[in-house]
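Participant: Chains S and W, in that order, are what the protein sequence lines are.
Quick note on my numbering: the first sequence kicks off at 2 and runs consecutively.
Quick note on my numbering: the second sequence kicks off at 7 and runs consecutively.
FYI, nobody ran anything at the bench for these hints, they're computed from the structure.
The structure presented is a predicted model; accordingly, all values stated were derived computationally and were not measured.
We put the CB at the ideal spot given by N, CA and C, even for glycine.
Heads up, a few of these hints could be off.
In silico lysine-lysine, DSS-like type, Cα no more than 27 Å apart, as pairs [unchecked claim]:
id : chain 1 : residue 1 : chain 2 : residue 2
1  : S       : Lys100    : W       : Lys75
2  : W       : Lys132    : W       : Lys148
3  : S       : Lys37     : W       : Lys148
4  : S       : Lys100    : S       : Lys37
5  : S       : Lys100    : W       : Lys76
6  : S       : Lys127    : W       : Lys76
7  : W       : Lys76     : S       : Lys37
8  : W       : Lys75     : S       : Lys102
9  : W       : Lys75     : S       : Lys127
Looking from chain S toward chain W, a few residues come up when the C-beta cut is under 8 Å (computed) [what the hints assert, rightly or not]:
id : residue
10 : Asn131
11 : Gly136
12 : Gly175
If you anchor each label on the Cβ, the simulated ranges turn out as follows [what the hints assert, rightly or not]:
id : chain 1 : residue 1 : chain 2 : residue 2 : range
13 : W       : Gln37     : S       : Leu167    : 48 to 56 Å
14 : S       : Gly114    : W       : Gly95     : 27 to 35 Å
15 : S       : Lys62     : W       : Trp112    : 24 to 32 Å
16 : W       : Glu141    : S       : Leu19     : 48 to 56 Å
17 : S       : Thr112    : W       : Pro103    : 43 to 51 Å
18 : S       : Glu176    : W       : Leu118    : 39 to 47 Å
19 : S       : Lys62     : W       : Ser79     : 55 to 63 Å
20 : S       : Thr112    : W       : Pro35     : 49 to 57 Å
21 : S       : Leu25     : W       : Ile124    : 25 to 33 Å
22 : W       : Gln56     : S       : Ile92     : 35 to 43 Å
23 : W       : Pro115    : S       : Pro45     : 51 to 59 Å
24 : W       : Leu118    : S       : His48     : 58 to 66 Å
25 : S       : Lys171    : W       : Asn129    : 36 to 44 Å
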Amino acid sequence: MNRYLWPLGIFIALVILLGVGLTLNPREVPSPFIGKPAPAFVLPTVHDTNKQFSHEEFKGKVSLFNVWASWCVACREEHPLLVELSKTSDIPIYGLNYKDKIADAKRWLKTLGNPYIDSASDIEGKAGFNWGVYGVPETFLIDKKGIIRYKKIGPITTQDLKEKILPLVKQLRGEAG
Amino acid sequence: MKKLLVLTLFLFSSLAFAAPVETLDDMTPEQEKRYRQLIAELRCLVCMNQSLADSNAELAVDMRNEVHKKVVSGQANQEIVDFLVERYGDFVRYRPPVNATTVLLWFGPLILLVIGAIVLIKNNKKKRATASLSEEQHEKAKRLLDTISEENNS
Chain S
2 MNRYLWPLGI FIALVILLGV GLTLNPREVP SPFIGKPAPA FVLPTVHDTN
52 KQFSHEEFKG KVSLFNVWAS WCVACREEHP LLVELSKTSD IPIYGLNYKD
102 KIADAKRWLK TLGNPYIDSA SDIEGKAGFN WGVYGVPETF LIDKKGIIRY
152 KKIGPITTQD LKEKILPLVK QLRGEAG
Chain W
7 MKKLLVLTLF LFSSLAFAAP VETLDDMTPE QEKRYRQLIA ELRCLVCMNQ
57 SLADSNAELA VDMRNEVHKK VVSGQANQEI VDFLVERYGD FVRYRPPVNA
107 TTVLLWFGPL ILLVIGAIVL IKNNKKKRAT ASLSEEQHEK AKRLLDTISE
157 ENNS
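One chain only, chain S, in its complex shape (with noise of 0.2 Å):
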């Protein structure tokens, strides 16, 4: 008898093995950054090439930096959402222009809205490649130390911000600075 059960044991085994890896996302890679200080850059804003913004406007406060690019087309699905957030909520939302023209970047917030503080032009993805960017958009949530705590890659649903990235915000904003 114990014969004939060792293979069905094996194969539920298998199946609840297999079937946990169909549920899990292939395209979400651990980001080694969680725990590790934003990146340094210092980079023209996109409004003004003559000011600047660097990983130094992230002490002090809880705030989301979302990197995003006019010709990318999830950036545009998550978009109203980023607006939406920035209306309702005291969260301050920086922006990294990544590998974009600066009057593209423009007309598209012209267009679509400006839920960003400020927005960092990254022409040539340096400071992208810094922070690890493969799959525009990505949202990184950094407290008042500088420190990211969370990263989202691909665009953030309403889910995410009530499930995730709310809760943390209120977390961390208890947190000593």
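Following the hints, put chain W in place on chain S, whose structure we already have.
Facilitator: Structure of chain W alone, referenced to chain S:
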């Protein structure tokens, strides 16, 4: 004539899709060898199952350029890999390091092999145990066979 034109166009279209080859003139043969080795071992993040060497994605081009620059500037392979791992995680390596999360990946096959060997040896022992008869059993079997053949003959 028109057909010929279309055919020639097809011929050239393949050129447009060929993998981009960066100029490697600034490398010594030894550096070029290292460069090729590195980009074959590093994974392109956007295309998942392609190495940097195989991929045409824009990010892969950036990463190749970065590796190129670092090889020319004389950095060691380990330094270059570490630089990329810092940004993209262990995921960029096609040869993952041995750590807590990859232990099963590295030693799983070996464990399975050992389990298989144990099962095989146990099974064999059982078979051998049943295959060899004692003296007494031999006698019994012989008697049984004899009675059967006698019955058949009669």
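Participant: Taking the earlier hints as the rules, which of them does this structure contradict?
Facilitator: 3, 12, 15, 19 and 25
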